[in-house]
Amino acid sequence: MKLPIYLDYAATTPVDPRVAEKMMQFLTMDGSFGNPASRSHKFGWQAEEAVEIARAQIAELVNADPREIVFTSGATESNNLAIKGAAQFYHKKGKHLITAKTEHKAVLDTMRSLEREGFEVTYLDVEANGLVDLNKLEAAIRPDTTVISIMFVNNEIGVIQDIAAIGELCRSKGIIFHVDAAQATGKVDIDLETLKVDLMSFSGHKTYGPKGIGALYVRRKPRIRLEAQTHGGGHERGMRSGTLATHQIVAMGEAFRIAKEEMHAERERIAVLRDRLLDGIKDIEQVFLNGDAVQRVPGITNVSFNYVEGESLIMALKDIAVSSGSACTSASLEPSYVLRALGLTDELAHSSIRFSIGRYTTEEQIDHTIKIVHDAIGKLRDMSPLWEMYKDGVDLGSVAWVAH
Amino acid sequence: MAYSNKVIDHYENPRNVGSFAKDDPSVATGMVGAPACGDVMKLQLKINDQGIIEDAKFKTYGCGSAIASSSLVTEWVKGKSIDEAALIKNTDIAQELALPPVKIHCSILAEDAIKAAIADYKQRHGN
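Chains as they are written, first to last, in our numbering: chain A, 90 to 493; chain B, 1029 to 1155.
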């Protein structure tokens, strides 16, 4: 078995070989390398046709009209364009926005930037299972609320928000609803004909496409308007100028086509692997699953191992590529803000591991992972004074710790 | 995080992990740090009547450099008198392990653990 084992599909996915094959046809002199905006010759026409096919493939996965898809450089740009674009365009209607504390930084930092422009933002608490309480969301709505942004699938814990219900609420109040769906495509069914969503962000590289490409869905009926954030040649109906990256767009289209075709079988296969993983570690004491146990995608499993520290755990798990809620590996010492928002103690947030399973994960890899996890937890707990105290029946909350 | 080979060696093969019986009068225990900060070190020293550290054991909850710092300290204190052990400085630990700047606090914690164990010994032996 090749080591390390990749279990970080929520961070990024490898490009599907079928996608890479397609992508290569749009780069060289022998391929369709033209500028899709060149209207005067065949090179341009070919490239434009390829872009329009990709646009349709992306629209098809989410049951939208191709004219509602705007290409961007990725979900981060889509989130920026959607939230800033709508907030600024409709600022005369009001200057209040709502989001949740567990959103991706691309949403939270965009909101922070709008606060500096004079907008007011409510950062909604989530429940202990990571889900937004609809009543609390409704209570946060004000007459001057113009945009609500809630993600579809959380990148750290994998919980699925009730986008249908939130959409109904937003529509009934005349509020624009933006959804960051970077982690949702190819994992949950998305039907924009029934969902009352006005803006939705997509990413290429979370769904076996390349990095550097994304899209924003902008609803036509009722029509949503945006203030452009990137100005230039007026591409993408003036919403996002810049020469279209044909090869990346074609690749994202192919990736989304494959996702539509294979997502149901893939979801089932991944769920079996996820169950195998959970079954394999359930005999370890003091292990906690983070986020709702039912309303989640099978690909993302986030667990905390009590009484072991996150960074040493990552070191002990060096043969598996996973990510940790511990910030010890970065310059700051703050643990994951998502896990803190669920009400986890710093200790449990520090000792969390996100296993994200994907298209190329095998049963053999999961079995090896289970063994590595057992060994690592055993070794670190043998070394942990906290584990020893827990085993001796000491209440750690009653100890007078010397903070440093 | 790019750790030095010495940190990785101590992390993968920690020296002197374990605990002595707490009620043994020759054992001094120092516990420093807090779970919320991500580091807790427990250092135990077995000290003979002449005030010489005959043996040392540790348990650490913390990152790789916290584990390495405490493992290293157990090696260093063995055979030293408590007064000599008290002279071990965090800078010596950090230098030996080539700790990166963000991990200097681990070496400070290890020095504190020695001091806490010695303070425990002195308190229990009335000097």
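Check before you lean on any hint, since a few could be wrong.
Sample of chain B residues at the chain A side, in silico, Cβ under 7 Å [as the list claims (entries may be wrong)]: (1) A1049; (2) P1053; (3) V1055; (4) G1058; (5) I1080; (6) K1087; (7) Y1089.
Hints listed in this document are in silico derivations from the structure and should not be mistaken for laboratory results. All residues carry an ideal CB built from backbone N, CA and C; glycine is no exception.
Evaluation of the provided hints:
1. A1049: This interface hint is violated because 13 Å lies over the 7 Å limit.
2. P1053: violated, 20 Å
3. V1055: For B:V1055, the interface hint is violated, since the closest Cβ of chain A sits about 15 Å away, which is over 7 Å.
4. G1058: Violated: closest Cβ of chain A sits about 10 Å from B:G1058, beyond 7 Å.
5. I1080: Violated. Min distance 25 Å.
6. K1087: Holds, about 4 Å.
7. Y1089: Status holds, d = 5 Å.
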